[in-house]
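A.B. asks: The lines below spell out each chain.
Number of protein chains: 2
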Amino acid sequence: MSDNQPSLTGFEESASLPTTLPGMPDAPSPAGVPNPKADIAALEELERHLYAHRYAQIGMECYGSTIDPEAATQDRGEALAILQEEDQALLCSPATGALLDRLSAATALLTPTQAAQVRILQRDRASQVDVPPEVASSLTRLLTESGDAWRRAKGAGDWAAFEPYLDKIVAKMREVASYRNASADPYDIWLDEYEHNTNRAFYDRFFGEVKDVVVPLLADVQKSRRPLGRSPFEGRFDTNRQWEMARDLVRLEGLDERKVFLTTTEHPFSDGLTSNYAIIACHVRENDVLANVFTMLHEGGHALYEMGVDPSFNYTSLKGGTSMGMHEAQSRFFENYVGRSLAFAPRLAEVMARQFRGQLGRMTPNQLYVAANRVEAQPIRTEADELTYPLHVLVRYEIEQLLMSGEAAASDVPKLWADRYKSYLGINVPNDARGALQDTHWATGLIGYFPTYAFGSAIGAQLKDAMIRGGLDFDGVCASGNLAPIHEWLRERIWRYGRSRDTTEMILDACGEPFSPSYYTSYLVEKFSALYGL
Amino acid sequence: MSDNQPSLTGFEESASLPTTLPGMPDAPSPAGVPNPKADIAALEELERHLYAHRYAQIGMECYGSTIDPEAATQDRGEALAILQEEDQALLCSPATGALLDRLSAATALLTPTQAAQVRILQRDRASQVDVPPEVASSLTRLLTESGDAWRRAKGAGDWAAFEPYLDKIVAKMREVASYRNASADPYDIWLDEYEHNTNRAFYDRFFGEVKDVVVPLLADVQKSRRPLGRSPFEGRFDTNRQWEMARDLVRLEGLDERKVFLTTTEHPFSDGLTSNYAIIACHVRENDVLANVFTMLHEGGHALYEMGVDPSFNYTSLKGGTSMGMHEAQSRFFENYVGRSLAFAPRLAEVMARQFRGQLGRMTPNQLYVAANRVEAQPIRTEADELTYPLHVLVRYEIEQLLMSGEAAASDVPKLWADRYKSYLGINVPNDARGALQDTHWATGLIGYFPTYAFGSAIGAQLKDAMIRGGLDFDGVCASGNLAPIHEWLRERIWRYGRSRDTTEMILDACGEPFSPSYYTSYLVEKFSALYGL
Chain A
1 MSDNQPSLTG FEESASLPTT LPGMPDAPSP AGVPNPKADI AALEELERHL
51 YAHRYAQIGM ECYGSTIDPE AATQDRGEAL AILQEEDQAL LCSPATGALL
101 DRLSAATALL TPTQAAQVRI LQRDRASQVD VPPEVASSLT RLLTESGDAW
151 RRAKGAGDWA AFEPYLDKIV AKMREVASYR NASADPYDIW LDEYEHNTNR
201 AFYDRFFGEV KDVVVPLLAD VQKSRRPLGR SPFEGRFDTN RQWEMARDLV
251 RLEGLDERKV FLTTTEHPFS DGLTSNYAII ACHVRENDVL ANVFTMLHEG
301 GHALYEMGVD PSFNYTSLKG GTSMGMHEAQ SRFFENYVGR SLAFAPRLAE
351 VMARQFRGQL GRMTPNQLYV AANRVEAQPI RTEADELTYP LHVLVRYEIE
401 QLLMSGEAAA SDVPKLWADR YKSYLGINVP NDARGALQDT HWATGLIGYF
451 PTYAFGSAIG AQLKDAMIRG GLDFDGVCAS GNLAPIHEWL RERIWRYGRS
501 RDTTEMILDA CGEPFSPSYY TSYLVEKFSA LYGL
Chain B
1 MSDNQPSLTG FEESASLPTT LPGMPDAPSP AGVPNPKADI AALEELERHL
51 YAHRYAQIGM ECYGSTIDPE AATQDRGEAL AILQEEDQAL LCSPATGALL
101 DRLSAATALL TPTQAAQVRI LQRDRASQVD VPPEVASSLT RLLTESGDAW
151 RRAKGAGDWA AFEPYLDKIV AKMREVASYR NASADPYDIW LDEYEHNTNR
201 AFYDRFFGEV KDVVVPLLAD VQKSRRPLGR SPFEGRFDTN RQWEMARDLV
251 RLEGLDERKV FLTTTEHPFS DGLTSNYAII ACHVRENDVL ANVFTMLHEG
301 GHALYEMGVD PSFNYTSLKG GTSMGMHEAQ SRFFENYVGR SLAFAPRLAE
351 VMARQFRGQL GRMTPNQLYV AANRVEAQPI RTEADELTYP LHVLVRYEIE
401 QLLMSGEAAA SDVPKLWADR YKSYLGINVP NDARGALQDT HWATGLIGYF
451 PTYAFGSAIG AQLKDAMIRG GLDFDGVCAS GNLAPIHEWL RERIWRYGRS
501 RDTTEMILDA CGEPFSPSYY TSYLVEKFSA LYGL
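In order, the protein sequence lines correspond to chains A and B. Just so you know, the first sequence maps onto residues 1 to 534 in the numbering used here. Just so you know, the second sequence maps onto residues 1 to 534 in the numbering used here.
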């Protein structure tokens, strides 16, 4: 196929795969004669096809868990699996490998964007090239089915109905990991998938530092006699009005509504097809107005990041957030550092009172601040206060390790879950729907993703500190209700780069030092000591 | 590539296209040695890839005009154009041509389904193989843009804003037609696209017969002094309740709700991704409850057909309706022959009164029947009574001919439109939004589609006659509110075959004779003579 044939791999040995396809580069004709211009054109052609597939697949996945009829799940899974086979064939062909090798050896001739495209495509290719296509597509099929099975199981509070899916997912994810790197720990492989350059050693250290601060702090808070109330926010809030409020929150957060499709789903998420199209899927529960507000701000933060990527990256592999940790840093930034701040409370209170004049017309911003930050050990991660939040994540991180190492099976999870919630948060898990079935992640193959929530929270604290040190009047901006200066700071240093720069590198540049969890732990100590008068 | 190289064509001459791709058959290895088993496997593989693309593309197009943000139009158009390039490459490659040729020469070894797949794929291939890919994809891009331009132009009632798009669409559709068959009339090519084996000669004859009956009948109706009122249905009807009613109508029509996504759009449509997933997109206008009811029944009829196709065709090219005329036969069957019948009126009245007890609680089924059938020359096609309906279609058919022959440009359309509405229907067109901008078809490249609405109505009348002659108690079934016997009759003779049989053939088998417009004209004469006491 090419003079620059890479060594044989799992992918390349597979007989069932074609060797040329639309968007795939031709082998260079005169052996050894470089033609960088043709190679760059071939790179752009490859990117166009990958873009079209990405656009179709992200849409199918997003609509799949929001608006598609459940009866169509298997048909969608089949279509997604086939499209993914095509992507993998496109990216993993020897011709594509040779093209990327030639281009990466000729970076002097590339623009910085092209050089980044080559680097990211090589990384993406490396993660797929050794995985047999039938293994990859069987995982896709399994995850489409199990996403629906989880929805039903959660609805029925029936862990046993989900159990066989989780065992199969773990087995399949271990299998995929073994193809990627047979000598590495499979869980490390997936941690690295969602956050490049992380592994259990990294997260063990990180969670160790966080636990050392949070556990004693939580104990102090729980001993404190200061009562923080949330009475104005109890009771039922009309769901139609809550959806109106959701639209107002999108605007307050600074999103361009004309580019957002706001829809409903069981487990909130957001995604971006291009910088012109973000999907925010949330639920709205009648008896949980406050949780809905912060969920919306969280998903809106993800959408801000997706839509803040340089629009010229739209049709390339550089589109999207650079890592899940950095993504969660943005979502939790707007949920917490902005959303749960005292400075922003008056603006948030205005938006809430606009839709609920009767129920919230007399609430004060301080009541909102207090209610939004009241520490309460309860079973739901997405409704957790900032202090207990990392402990919810830690529970999942520990159970994922046991599953991926084979030390636990799906049937052990409810007990592991209950024991850890008892020991870290001091609470009893009421049932599986509010226990191990609460999150959609495992059902959609996101084992290894949870730790990025805590990591992202910590990145956010460090970014906020850097903003303020750099002269940004953080509280003043929040109080003004016009978040543009915060957007601009983040856009300049993080968002616009999309996948062209790594998390580590951007933190270093934005903050002037490498990542450190101390900003996060200091923030928690300061905020909750003040709130609880410790 | 293969020993069975077809002659060079526009497609095959194109240098920019790859020659092998995922799903494309390999060249048979030992020259001349047939291997039908491998060929059949290659056929299934080809179908799988075409299926995945079709699933993605139908979804993108449906969501595009319903839920996607307008800001994303261009990005979606680009993705669609690229996917379509891939489809065309897959279907039109010489290797695929050779495979289909080999299979069609070995039909004795194929199941009837496989033989039908080969025949339909050959037909699809023939319609694309001579069109240069860049011409096909530039039409896709243009249509995605113009769909949005039309929506804006209609909103603003601004024909001039849409004019340049229509001129470009006509030019591009003429160009595509010229590649398909340089010696044929370009309008005939597109008529055949939407209804196989039809052309202007066919439709001229058909509309001639219809006009000879409808024009004098309409004159008699307009002279009649019998006043048919619609007072209970005037006024404003809450749109939320109308959406609830739409769900009830879906159920009454006999659709499986668990397989339907019901959503909102400017111009109603429906489509089917597989037999497990139909999309029905309608609008609901506060002051037009009756029009909404019949629009819903119409789109539901399309969905019944899509979901009635043999489920084993889901992942093949046989999925979907066989032609637009047959599709409209189903939609207009449930809209009119069932929906606007006296026998069905009590069941429809119940559903409407359930949501609008105050406004419609005292309406009688006869009032509903009369209001649904009152003849009124008015400017909107989709709101037309059955008698004036074919005249609305005729206006469009005549203007399409002038556009496609170059005798008229887009700027001439408003006057052509006004003149014909005056002459056929005796009314003045109030403005372009309620005139030439009312329908989305031209903006989405459906020039040549309109005639199938009238043709479909006529097929429906013939099918209804055959049902009754065959012993089905049509009025009794309608009166029972359980339409299953009608569904089964149509499923058995039409729906289940998907694209595996042609319209002509199915009419012949179902009715025992070839298509004839006389059932349609007799039905109109009988129904409206009775209603107006002629």
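Keep in mind the hints are simulated off the structure, nothing from the lab. Glycine included, C-beta positions come from ideal geometry on N, C-alpha and C. A hint or two may mislead.
As the list claims (entries may be wrong) - Some but not every residue of chain B turned toward chain A, in silico, with C-beta under 8 Å: (1) Tyr51; (2) Tyr63; (3) Ile67; (4) Pro69; (5) Glu70; (6) Asp75; (7) Gly254; (8) Arg258; (9) Asn314; (10) Tyr519; (11) Tyr523; (12) Val525.
A.B. asks: Are the hints correct? Go through all of them and say.
C.D. replies: Here's how the hints hold up against the structure:
For Tyr51(B), the suggested interface contact is upheld, since its CB lies about 7 Å from the closest CB of chain A, less than 8 Å. Annotation: Tyr63(B) was flagged as interfacial toward chain A, and the flag holds, the nearest CB pair being 6 Å apart, inside 8 Å. Interface hint status for Ile67(B): upheld, as the beta-carbon distance to the closest one in chain A is roughly 5 Å, under 8 Å. Restraint check, Pro69(B) versus chain A: the minimum CB separation of about 5 Å is within 8 Å; hint holds.
The beta carbon of Glu70(B) comes within 7 Å of a beta carbon in chain A, closer than 8 Å, and the hint placing it at the interface holds. For Asp75(B), the suggested interface contact is upheld, since its CB lies about 4 Å from the closest CB of chain A, less than 8 Å. Restraint check, Gly254(B) versus chain A: the minimum CB separation of about 16 Å is more than 8 Å; hint violated. For Arg258(B), the shortest C-beta to C-beta distance to chain A is roughly 5 Å, which falls under 8 Å, so the interface hint holds.
A hinted interface residue such as Asn314(B) counts as satisfied when its beta carbon comes closer than 8 Å to some beta carbon of chain A; here the least separation is about 6 Å, so the hint holds. Contact between Tyr519(B) and chain A, as hinted, is not supported at the beta carbon level, the nearest pair being about 36 Å apart and thus beyond 8 Å. Residue-level restraint check for Tyr523(B) is violated (minimum Cβ-Cβ distance to chain A is 35 Å; threshold 8 Å). At its closest, the beta carbon of Val525(B) sits 42 Å from a beta carbon of chain A; the interface hint therefore is violated under the 8 Å criterion.
When the structure is compared with the earlier hints, violations turn up for hints 7, 10, 11 and 12 and for no others.
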